[in-house]
Each structure stands twice: as C-alpha cells, then as structure tokens.
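Based on these hints, arrange chain B on the given structure of chain A.
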Amino acid sequence: MSDGHAASGNGRHVDDLGFGQPGEDAVSETAVPAVQPLTKADFSSDQETRWCPGCGDYAVLASVQSFMPEVGIPPDKIVFVTGIGCAGRFVYYMDTYGMHGIHGRAPALATGVATSRPDLSVWVVTGDGDALSIGGNHLIHALRRNVPLKILLFNNQIYGLTKGQYSPTSEEGTVTKSTPFGSQDHPFNPVALALGAEASFVARTVDTDKGHLAQTLRAAAAHEGTAFVEIYQNCNVFNDGAFDAVRAKGQRELNQIRLEHGRPIRFGAEDERGVARGADGRLELVDVGDVGEEQLAVHDASRSEPTLAFELAHLASRPTGPTPIGVFRDVRRPVYGQELALELESARADVGPEQLQQLLHSGETWTVG
Amino acid sequence: MWSASPVAEKTVEKIDRVVVRFAGDSGDGMQLTGSRFTDATALVGNDLATLPDFPAEIRAPAGTPHGVSAFQIHFASRDILTPGDNPNVLVAMNPAALITNLPAVEKGGTVVLNEDGFSKHNLKKAGYETDPLEDGTLDAYQAFRVPMTSMTVRATEGIDGITSRDAARSKNLFALGLVSFMYGRPTEPSVGWIEKKFAGDVPVRDANLAAFRAGYNFGETAELLAVTYEVDPAPAAPGIYRNVNGTQALAYGLIAAGVQSGLGLFYASYPITPASEVLHALSRHRKLGVRTIQAEDEIAAVNMALGASFAGQLGVTATSGPGMDLKSETIGLAVAMELPMVVINVQRAGPSTGMPTKTEAADLLAALYGRHGESPLPVVAPRTPSDCFHAAIEAARIAVEHRTPVILLSDTFLANSSEPWKLPDVASLPAIEPGFATGPNSGDAFLPYLRDDRLARPWAVPGTPGLRHRIGGLEKEDGTGNISYQPVNHDHMTRLRAERIARVEVPDLEVDDPDGASLLVLGWGSSYGAIQGAARRVRREQGISVATAHLRHLNPLPRNVGEVLRAYDRVLVPEMNMGQLVKILRAQYLVDCESYTKVDGLPIFTRDVIEQIVARMGRQTNGSGA
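Residue numbers (this note's numbering), protein chains in the order written: chain A, 246 to 614; chain B, 84 to 709.
Bear in mind the hints are in silico, worked out from the structure with no lab data behind them.
Yeah, the Cβ is synthetic: ideal placement off N, Cα and C, and Gly gets one too.
Among the hints, erroneous ones may be present.
[As the list claims (entries may be wrong)] Pairwise CB distance ranges, derived in the manner of DEER restraints: (1) ARG295(A) x THR577(B): 47 to 55 Å; (2) GLY441(A) x PRO286(B): 28 to 36 Å; (3) GLY597(A) x LYS279(B): 27 to 35 Å; (4) ASP485(A) x GLU582(B): 41 to 49 Å.
For reference, chain A alone in the conformation it holds in the complex:
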C-alpha cells in the first residue's frame, strides 16, 4: 500500500504489517494517488482560532502547519493529543486526527494511541501547567518509557486559560492574582526535568523564531522515541515579555546560545562570547577573545550520559540572560512497545475461535456425561 508520501519522519514503515485501517485498501486499490506535495493548507482545519490576539500560540501553530508537509506523513496518519489550557486548543486547529483530553493526561492518552498503532505519528501539545503541574507524573513516565511521541511543551510561565495564576515555571516572586505578595515556589526548569527523567530527546526553542522552531521540530520528528521540545511562548495578556531576553529583537542576538551538535558553543551579536569549562570544572560564560576558541566547550547531543546536557540546562537558571536553545540531547534507546505492537498484531492475525476454545480448555478439565 502506498500513501504517496515516501518519507516518514521517524523512518518507520509499518503499514504493510497489518495496521492498515478500514477504507484504506479501497483507496489504494482503485488508483495510485498522484504524488501531490502536501501544503500548509492540508494541515489547517476549518475551525476559527480563538487565542487572544498577539498570543505566541499563533506563531507556533503557523510554524507547525507549515512544517508538517516536510515530515511527509499524510494527515490521516497523524494524531495530535492535547490536555487543558490555552495550548490544549491546538488540536482543533490541525486538520489531523485529534484528541483533546483532560488536564494533564495527554501523554497517557497518547501512550495508548502510540503503543496500539506504530503506523501513526503521534504529537502531544501541552503547557507548563498541564505538563509540569497536574500532569507531571505522566510526562516523566512517558519520557522514561521512551514512547514514540513528540511532546511540544508551550511554556509561558503562567496559567492563561484560568486568567493569570502563577505556574510551576513562574519565577520566584512573580506577582499574580493568586500570589499578590509574589510567588514563593521555586520553578521547574523543564529541560532539566526532562533530562532527569532520562528523556532521549530534549530541545528548547522560541515561539516566534520560525527558522529555529522548524529546525528543532525537524530534529524532533526524526527522533525515534519520545522527543521533548520546550517552546518559550509569550502570553501577551498575563505574562508579557517573560522571555524578552531570548525573544525580543535587540536582546535575543545577545542572549540566545544556539546549541549545535559537534560545534563549539558560541553566542553573541558577533559570536564573541562562548561557553567553556572553567578551572573548577564548571561550565561558564566566557569572552572568546579572553580564552581562545580552542578552549570553548563543544556541544555533543549524542552522549549516552546526560551530564553535559544537564550542565547546559543549568547554564541559565532562568531565561533572563544568556540561555541555551536547540537540541540538548538526542540519543537512541529502545522505543517503548513498538516491537511488541508488531508482535501482537501478527499474533492476533492467528487468533480465532479455535485458539479461544483452547484457552478455555487449558488447565485441569473433566468431562461429565
């Protein structure tokens, strides 16, 4: 069976192994579909977007819709799963299959979808409250298991849909409706949290940086297993400017530390600054002119142990100064449930009334009459 789209974002072709769904055969038998390149329009639903004007979510949606054709998977084979919060509405705007679940549980719903159907590409869109507060448990366990999911976490450091309470990523001291004297909670660093949960792919990008966002999604789409992407997303109503240091023109040039695998870590308007290992063994920000280019740390996302990625995650405790973005970690480890799904599917093909009869008659039986 052919879907007319040769490339698969995760390199898997399991359609022929029995996961075809009703109706599909009819289509492929009647005609070999002409290879029509997919476009952004193929991924845009007819629903009116209802985020606040100026919300960073619009930028991410547009980028994702533009990027999806590149993955080469037809929209019929893609499932978006979301939870509750502003990011949760994302699913209605993608013309794919979609589930809008309850608060925090999207990774669990998506695990059910992905482990049943390795032929599908499953994407989770979540927010800092959804993924890190009420749904923290499901997030870490999806990452630990390495379920084949792409998880996009829109981090705006605030609860938007409930109108402006502090979130688990809000900075200490954040004044909100629920913290009139300033938040006393220490915030999560989502990248560090994902690394701590042994995620096999961890990245960070910025909502309005179309090029970097697409590049990061590309890497995520190519990853087998769970790809976790934190997206700094501006909430212009309740937390405007939270990420200005790495997002606003004039500051981002100075503060974005763009991680590139295999390259020395440099940043700044003229790439004049960098990251080097200091005398005490810790990573520190340096002027390249002072230490020399050869002293700069070289980024390696493929290291099996996450220590370098973890250090980089802690280079900036908050996105108010120089902050790494890009892919922190990208390693291979066994993907949860994929082989088993194939094994089960082929087992199922051989199971019928006879096997059921045998099962019921297994163990000690006796005959009367």
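Chain B in isolation, oriented as in the chain A frame:
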C-alpha cells in the same frame, strides 16, 4: 479428645455436602493447600464453591490473628451456590488460626489442629490466656490434635538438601494429605501438581511429596479418624468442566471479547488489590495478541485505555474502589467522546483504603452517578465467578456497539471464589460488531457526531483516509462535533446522552417464582448464590413461598422491572452496602422495597437471607401467602 494410634478398621460415611476451612499463618501456604484440595475435589465431580480469605499484609507478624490466612471450600453431591456459611471442618495450623476461625465452625464440627503450632509463645501471640487444647474451648467440637510439623520433619528425614527448617515448611502438604484422605480425594492430582511445580528443585519436590504422603498415610492408619467421608459426584449437565475463579473468568471473557469483536485487547491498569490479579492473568497472553501495560497510576491506566480505543482497540482498564475515584474524570471524558471502553471495578470494602482484601458492593451509586455533570453510562454486574466471563463479553459488546464507556461491577468475593464451570461452546458466544466508519457519512463530508438508529456515533479510527476529526471533552455540536456553547445544543446533547444509554437493549428481568409467592427477593452481583440457596432452602425445609430475581444490568435497568416489583406485596433487596439499589428502585418505580444491608466485609451468606425471609414470611406456609 482423641489421641493417635494405628488401627486398621475404617467406616465410610456418605454425606451430601461439607464445608472445610484451612486456616494458618499467612506464610503457611493455606491458599495453596486449599486450591490443591479444590482441584482434586473438582476431579471427583463434586459441585463446589470456594472462598479464600487472606490479610492485606503479605507477611503480617507470624502467629498473630491479623496474619491469619484461610481458604474455605464447600463441596457437595448436589448443585450448590455458595462457599458455605459455617465450616463443618476447620484445619487450624496455629492458635491464631483457631481463635479467629473457631467462632464460625458449626457446633459439633470437626477441628483438626497442628499440635506443634500450639507453643506457649504462639498461644500468647494469638491472645489465648489459657491453652484451648486443655481448657474446654474445644468441648463442643470433635477436636483432633495432630503433630503435623514434627511428623513432616520426620517424613522428610534423609532427603538430601533439606534441613528440618525447610521440611517444616511442607506441613501444609501434610494437612492437604490428611484432609484428602478424610474425604476420599484422589492423590494423583496433588502428586502430579507437586511433581510439576517443583520439577526444578528436586529436594523441595521430594520433601513436599513426602509430607503429602505422610499426611495421607497418617489419616489412613491413625485411630483418630475412625470415620472417613464420601461425597458422591454432583449431578451435572453433560459437558467439559474446569474450575474457575472470578478473576480468571473475567480475563478469559475479555480475551473472548477481543476475539468476538476482532479488536485488539488493550488492557492498562495500576496495581491494586484485588484487581491486580486481572493484570497478572492477562499479561500471560501475549500470544493471543493481548497488550497489557502497567501504568504509572490509575489515571494514566484509564487514559491509555481510552487512547487505545480511539486508535481502534478494545480499551480496558480495571481497578478497585480507590482507583475508581481517580479514574472518574477520564470516564467522564469517555462519555463526552462517546468512545468504547470497559472499566472494571473489583469492589472492596471502603471508604478510602478501607479493607483491601474484604468484599463489599458499595460502589453502585458511584458507578451510576460518581462523575460531575450528567454523565450516564451502562453498568453491568456478574453474579457468580464463572458469570464474570459472560459479563465481560456483555460489557464489551455494549461498549463497542454503543460507543460508550461501560462499568463492570465485580467484587472481591467473586474475584477470589471459584466454582466448576461448564465450558461454553465458543461458537455460541455473541458476535461484537465494531462497525468502523470507512467513508464520508454526509455527502462528501464526515460528521463525527452523526448518529445511527441506536444514537451511536461513528467510530473512525486514525489512519482511515478522509475521516480526520477532532474529539474532546468540550461540549460538542451534535453532528459536526464542533465545540459548542449553545444553550439549545447542550440541552439537546445532555438529553441525547441520557437517551442513547437508556436505549441500550437489555433482556427482561427473569423471575423465579415456582409457587406464587408474595415476597420477591431481588439482588444484584455476588449475592446471587446466597439468595438462590436461601430461596431453595426455605421452600424445601419450611414450605415458605418466595420469588427471586437478579439484576445483571444496573443501567439501563430491564424494561419490566417496575412491573415485576409491583407484582409483589413485598420486595426484599439484600445488598453489601447501605441500601444503594433500593434507593434507585424506590426513586425510579415508587415501590417501597425493603433493604437488607450487610457491610462487615464478608459476603452475604445463605443464612443471612434465610433469616430475612423467615422474619418476613415465617408464619406463612406454602400456598397461604400470596
């Protein structure tokens, strides 16, 4: 009290039924002893029912009453319905087992004691101030003291690699051998089982075989057992039988539902007593295409099942009381999404952690109403261990064909107790039709909430070309499935969700009323055996007319329930809760049903129901009532 000395003569006495309870420390292997005895009994052809009773603690402090584990079996030469009320025979391995179980034993009953377990230390731990073997505690019983531990140790002397400490652990098989002799059980099933089970550990195998044989031979030669008993096979319908407990039957039912529907069975759950046993049972069946996941928590488990359902599987999750509380939000989501899902609740005594290993049926109202908003769904309850098989298929059928979550209410008693099961012919099982959507349903368009004549929406699984759609917990516009806050639409959808569940076809309630009674006893769930048994006995022994009926479908209720209730002067509803079904019946049918409630963590016994019937009908004789 008798003492042991070898004799040759034995009298065989025929009896038609007996209840034996094995009781010991939770480390003594009483569950194993009981289940081996059960298998041998099944092979004799007796009808039987069993009930394990064990503490939640895996190894509570040895020798204490809260560490006592027991296994009761009722077997007979006729059709029986329950594991029995009062044991005729108690095997007590230590003082704690005696102190906790003796009160249940019938007066004049037989008590077999492991004399070696009755040390001063153990007597004290059990709470005996004086020795029950000497102080008259056992005067009203036929008590036999058997030094099981020391005889087991002696029997295993000379087996290489077995210390006396190891040997003492085989004393449960000595007890098994002894009781097997007393009731003429064949030795082959137990010997065969020991040989197979311990094939990899020759010393342990030999020690267990020696202990079993020693117990059996002791029974044969000891004077104390002047009488042995014979229980003839029970008349049973021709067929192939096996013994099954509610957990196994439920697991088989789910697998069968997968086969009957052609759907992959996807089962996700989080460990919880007693529902974990279903996970254990299903996780062995990969070769039948069964997917099991041990989720990170109860909420994840139900969400995984729902995600799998969306992806075209038969999504199932199971839990017990506290887990239901956690799953309820997601069950509501499934109601809104109108997707198939089976949620099994093996009920246990609550509230909160309650008594994890004790039974109760107090989650009925929670199943029906325990979600926010108007959130109706079908509820099905099995009535016997083997009925769990058919109830699972029925729950799956309704879920799949009506696109709805279904709650199956089992309980700890059903899950753990066992009975002979006449294996069904697989060809007789109902077909389940998933009827996936394969193409547009409205011109060229696909409307995910367009309904068929059952008011069920199409099930269009991801990957189906052209049927992309989004579903979720926000209120949907009927037909299009678009998000809608329109007052008219919400009113319409709320009534529609109620109506579509009300329309689920359910067979009429059958009434068993052989002689025109004025009293109806109406039950649901695991009280079936006790109610049927009580009705038979009061009819036979006291000439009381009584009608019985049992509800399998708690939502929707059978259409004739009101008519049935109104046909009787009095309706008695025994329940293992504070009267939950009664509330519904009164509210829905305005019939003043009477409640009998039992909430002690034990099943409803036959004698409980007899007492209730006699209290109401005792003065009436057959024919003068109605």
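So, going through the hints one by one against the coordinates:
no.	hint	result
1	ARG295(A) x THR577(B): 47 to 55 Å	23 Å, violated
2	GLY441(A) x PRO286(B): 28 to 36 Å	47 Å, violated
3	GLY597(A) x LYS279(B): 27 to 35 Å	29 Å, holds
4	ASP485(A) x GLU582(B): 41 to 49 Å	47 Å, holds
In summary, the numbered hints that this structure violates are 1, 2.
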